[in-house]
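Asks: Below are the chains, spelled out letter by letter.
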Amino acid sequence: MHCNCSYSDKNIFLPKETEILKVEQPTELEKHFTLKMKDGATMAFAPGQILEVSLFGYGEIPIGFASSPTRKDSFDIVVRSVGRVSKAINKLEKGQSVFVRGPLGSGFDLDKLRGHDVLIIAGGIGLCPTRSLIQYIMDRRSEFKKFTLFYGAKDPSQQLFLSDLANWRKSNDVDYYETVDKGDEKWTGNVGVITTLFKKTQISPDTRAVICGPPVMFKFVIAELDKVGIPRSNVYVDLERRMKCGVGKCGHCQINDKYVCVDGPVFSYADIEHLEEAL
Amino acid sequence: MMNAYFITEKDFKNFVSAMVQSLTVIGPVAKRKKFVFAKLESAEDLRLDYDVTLLPPKKEFFPPSQDMVRFEKDKYEGCISPQEKILLGVHFYDIKAIDMTDRLFREKNEDWNYLANREAATIIGSNIQTISERAFWGTVGKDVPPKGHDGFITKINGGYVYETRGDKGEALVKFGSFAKATDAQVKEARAVNENVMGKCPEKLNRSSKEIAEKVRKAFSKEAFWEALAEDCFSCGSCNIVCPTCYCFDVQDNWNLDQVSGARTRYWDACLTEDFAKVSLGGGATENFREERAERFRHRIMRKASYLNEKLGGPACVGCGRCSAACTSDIADPVNVINKIMEA
Ligand code: SF4
Ligand code: SF4
Ligand code: FES
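If you read the sequences in order, they're chains A and B.
Heads up: the first sequence runs through residues 188 to 466, numbered per my numbering.
Heads up: the second sequence runs through residues 527 to 869, numbered per my numbering.
Don't read these hints as lab results, they were simulated from the structure.
Keep in mind the model is a prediction, meaning the values are calculated, not measured.
Keep in mind that a hint or two might mislead.
A short, non-exhaustive set of chain B residues, derived as facing chain A with CB atoms under 8 Å [as the list claims (entries may be wrong)]:
#1 F597
#2 R629
#3 R632
#4 D637
#5 N639
#6 G664
#7 D775
#8 Q777
#9 W780
#10 T790
#11 Y792
#12 W793
#13 A802
#14 K803
#15 V804
#16 G808
Pair by pair, the computed Cβ-Cβ distance ranges are [claimed, not checked]:
#17 A:S455 <-> B:T550: 22 to 28 Å
#18 B:E756 <-> A:T229: 40 to 46 Å
#19 A:P402 <-> B:L549: 49 to 55 Å
#20 B:Y792 <-> A:L349: 49 to 55 Å
For each residue, glycine too, the CB sits at the ideal point set by N, CA and C.
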């Protein structure tokens, strides 16, 4: 390697090394990693922000933080095996290194949520990036009013963060409701799409709502929130797009003239509802 | 520092020769019946009478493939290593395009993989002596002046006027026998550059602002875009040849030794099918611009509307390269824009 390194601190594509402290496998496709910066620095980020996570020789993928910045010693990501990079990362074990660039993008504006009722609606792996916000609210519970969480998974085997779910079911700090599209012999809970959970509780129009999930979910959930009477400027969406650079250059993540990697991935719905390519 | 010099036709050749001997000089050269920007081996290679080059000069700062990080076992480092070079004979529309990519790579997160190459370059423009068949630079983005270059050469009777814009351009004067240009020579050069503006074969008839608004409003005319894109092969040629397109893909590759390699960016094209496609796992995918009409529309929106606020005008400089590169001849922005404006 013979590089001119005078620019190395200016290279926005140069990742940093992290060490894997813990690996869990919640589902067949997902691995849950707890990471720590190799240089000992604290990863300072806002819930909703993203990282470009990479392994040399394989490539980079965009992933949202799955833990709260209030937990300073380490941070979590969940990697779903879908392609070459994610499959390679998911073979890594405790003690090995994975590389990250970030935090990138803009996350949740916590000041807009503080002092209000908060409703989080997470579908599928949409629970991973929202877990950062959920933990944050739970860690600073007194700063928020009523906290409601809706979580929908395809079937019980797809549920993530099982020990979190067990805690939330019992906790007085969160009104937790869950559903699966299709149950199994052991499932005794709600069966149906995520919008069926709106019947289970009373949501006030003065709620700040957060939606994260598969693309098909957004329109149906927004229709429900409209019925409740929550203004669209109080609805936040956490969007997924193809990302390559994460720094607003490569063009892959564009929604009309917005860049999901810098302007988002969290948007106020009022800011993007006029964009034809958004939902 | 802005100075105007004059050099005779004969001395100009010597000037180019002197530069070629001691510097890396990139300029328009003939390649079969077309032209390309390439390293000059001698002054004779330089063809300032070119109409347009196949690829724009952006490849000198943003090459078709560029390593950004190199790795070997558990070590890795960035690899920004700019080479000083002179870009000689850049037409004004390409100067405008370079200024746009400069701004786009600088905004928000400064990308020094591009900017270092850019800063190491000296850009010397030249007047348009031959007009290409698909050009419309005379009527596009008229409020956006060419800037960011270091000097400009205009052919007038008996020689060339060389106008410098700052130190980098001034530093080249020592390579030739230049005299101070007279007012009459400067005036003649100005007239040469003004006269050519009315001579493009294709024209836009409305202001950039009117176009930006009406094109944006045409977004939801699905049938219109479908008809336009009917013969699109999703080949991405219209992106690849465009001086203001800067999308890229990033990929890791191993060297043959299988222990070292590089993270490299490659030119990408938003017209290609998978540009906005993500895998969701379990074989499921989501393509956020699945239809070719959606991708075709996205390019036109970017060229005529989306970036206007940021750039002060459209992100199209009217070089006509996309029109010439498209096998189906559907990529021409003039055709699309004029259809929208007349509707
Ligand atoms: S518009 Fe023409 S050049 Fe562009 S992708 Fe389609 S066929 Fe290729
Ligand atoms: S869109 Fe076509 S005419 Fe406009 S700058 Fe790009 S290649 Fe040139
Ligand atoms: S991911 Fe490259 S521009 Fe957003």
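Asks: Look at each hint and say if it fits the structure.
Replies: A quick look at each hint next to the structure:
1. F597: holds (4 Å)
2. R629: violated (12 Å)
3. R632: Nearest chain A Cβ about 10 Å off; hint violated.
4. D637: holds (6 Å)
5. N639: holds (7 Å)
6. G664: Violated - the Cβ of G664 (chain B) stays beyond 8 Å from chain A, reaching only about 27 Å at its closest.
7. D775: holds (6 Å)
8. Q777: holds (6 Å)
9. W780: holds (5 Å)
10. T790: violated (10 Å)
11. Y792: violated (10 Å)
12. W793: At about 10 Å, which exceeds the 8 Å cut-off, the nearest Cβ of chain A leaves the hint on W793 (chain B) violated.
13. A802: holds (5 Å)
14. K803: holds (6 Å)
15. V804: holds (5 Å)
16. G808: holds (7 Å)
17. A:S455 <-> B:T550: 22 to 28 Å: Given about 50 Å between the Cβ atoms, the range is violated.
18. B:E756 <-> A:T229: 40 to 46 Å: violated (55 Å)
19. A:P402 <-> B:L549: 49 to 55 Å: Distance hint for P402 (chain A), L549 (chain B) holds at roughly 53 Å.
20. B:Y792 <-> A:L349: 49 to 55 Å: violated (41 Å)
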